[in-house]
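K.L.:
Now for the letters of each chain:
2 protein chains.
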Amino acid sequence: MIKQLTIIGVGLIGGSLARALKRAGAVDEVVGAGRDAQHLQQALSLGVVDRIETDLAVAVQGADIVVVATPVGATETVFRSIAPGLSADTILTDVGSTKASVVAAAQAAFGQLPENFVPAHPIAGTEKSGVEASFAELFEGRRIILTPTENSAPQAITRVRAMWEQTGAKVVETGVEHHDDVLAATSHLPHLLAFSLVDTLAQLDAKQEVFEYAAGGFRDFTRIASSDPEVWHDICLHNSSALLKMLERFEADLDKLRQAITDNDSDYLLQVFRRAKAARDQFCGD
Amino acid sequence: MIKQLTIIGVGLIGGSLARALKRAGAVDEVVGAGRDAQHLQQALSLGVVDRIETDLAVAVQGADIVVVATPVGATETVFRSIAPGLSADTILTDVGSTKASVVAAAQAAFGQLPENFVPAHPIAGTEKSGVEASFAELFEGRRIILTPTENSAPQAITRVRAMWEQTGAKVVETGVEHHDDVLAATSHLPHLLAFSLVDTLAQLDAKQEVFEYAAGGFRDFTRIASSDPEVWHDICLHNSSALLKMLERFEADLDKLRQAITDNDSDYLLQVFRRAKAARDQFCGD
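In the order they appear, the protein sequences are chains B and U.
Numbered per my numbering, the first sequence spans residues 581 to 866.
Numbered per my numbering, the second sequence spans residues 581 to 866.
Simulated from the structure, these hints should not be mistaken for laboratory data.
For glycine and all other residues, C-beta sits at the position ideal for the given N, C-alpha and C.
Incorrect hints may have been included.
Claimed, not checked - With the C-beta cut set under 10 Å, the calculated list includes, among others, these residues of chain B facing chain U:
1. Arg615
2. Ile632
3. Arg838
Stated by the list, open to error - Per label pair, the in silico range of CB-to-CB distance:
4. U/Gly748 <-> B/Gly605: 45 to 53 Å
5. B/Glu717 <-> U/Asp847: 35 to 43 Å
6. B/Phe715 <-> U/Ala742: 17 to 25 Å
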């Protein structure tokens, strides 16, 4: 049982974690913290948190576990703000989509990697954002990736793992760099492509018609372009080296397809499309 | 009322059209035609068509309306095959995703553009294919784009329009070239990008893990990569000039985003992402 859980940044992820743990009866008190009092008040009204606090150092006092759930660009500032309020026993974790940058932020803010610090990333979310979009079932059956540092204490890892298991998620562990490479491929690059395509189309003269004639496939393909621009801006800049590596690979492959279309190279096109369909059908199912 | 409707190519689109018209009581007899007798037999067993025929010239005999619903690469061959069986009264239409190529196929096969020929394209579909995936509601509320040629007779356009309205679709008319430009942007390019991305990821060493860690956003984004490779191969090659034009524009914009990430140009990234989200939220809603 968690006596006091402090969540800094009560949005889609932070709010859903609070709801899931409350539903599971796994937490006594959830403290919602952040800079925006009005936003916190909304979380309180919705019953997502039990108490709110805009002074982050105060918010973490007495907490068993502190979860930083702000956009990753704010992580270092948040770590610096909470440092005075953390006790030696407090477990510290986060939900950031980029892990190397979060580890670097901890190193910078605390001067070392705390034993009780366990970086984490729930592979869950929707294109919606804000506490009003949060729901208790968000993490059910989803993966939570822990990327413990060399300093993370086994009991801290166990606590963070146990917390996430209460949400119905499956918890796995991997290395920081590997996490960032895999997520660049499956999440960061697709978001970049979706934002980029929609923006390209929005610049066309026939913009209105283009979107009117867009069928279901286009809606699915571009849904992630409705995600929070600031969150994804942060992610792209905080995982830039892995993202650029994947982007370059993608652009090289896309160039080959462009050349094949230019050359009317039927075989190449068919080969790529068949391989892609087979891979997606095999791994994604629906 | 359509006395005899002949559908050449009874897959997702052809099959769904047959089902929708039967449900509306708008057709007496549907003849399913194609090369593959086993496939036609399945359509017959499912009750999607009333009679089947592998000789295309025979299949169109006595038809009020003939709908060509094969992949666009087969259109010219099909037109040549049915030519001997068409009467002066038979209305001819198609469902191809590329219209300039279909018009060129008609010109080549018939030596001129027939008065009773009305090119059409239903903006509907799923990533599934085959008659077993067809359903009567596929076209409800969707747009059907007619691109009449300069030879298309008004009464032929009226018949094709009326047929599609019976499926619950909204029928609009536009020019061939404009259709191909708009569809390159909203459909052909997204499919190409989805196939390309999934194939790039499928070549990674961490392939298995990459797909395992892919969340809901990735599934939506890549769903169209499960589409029929042959159909999309045909579309890319038969609308290559419009597609290449859009692809080049997209690649140029993506290069700018890559440069912005390289330069840590926060403002540019945020501006593009915000503009994209605003456009998608405005036009697509969900």
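K.L.:
Would you mind marking each hint as holding or not holding in the structure?
P.N.:
Going through the hints against the structure:
1. The restraint placing B/Arg615 at the interface with chain U is violated, with a minimum CB-CB distance near 19 Å, outside the 10 Å limit.
2. For B/Ile632, the shortest C-beta to C-beta distance to chain U is roughly 28 Å, which exceeds 10 Å, and the interface hint is violated.
3. Checking B/Arg838 against chain U: minimum C-beta separation of about 6 Å stays under 10 Å; hint holds.
4. The hint said 45 to 53 Å for the Cβ distance between U/Gly748 and B/Gly605, and at roughly 48 Å that hint holds.
5. Between B/Glu717 and U/Asp847 the CB atoms are about 37 Å apart, so this pair conforms to the stated range of 35 to 43 Å.
6. Hint check: B/Phe715 to U/Ala742, Cβ distance near 46 Å, so the stated range 17 to 25 Å is violated.
Hint check: violations occur at hints 1, 2 and 6; the rest are consistent with the structure.
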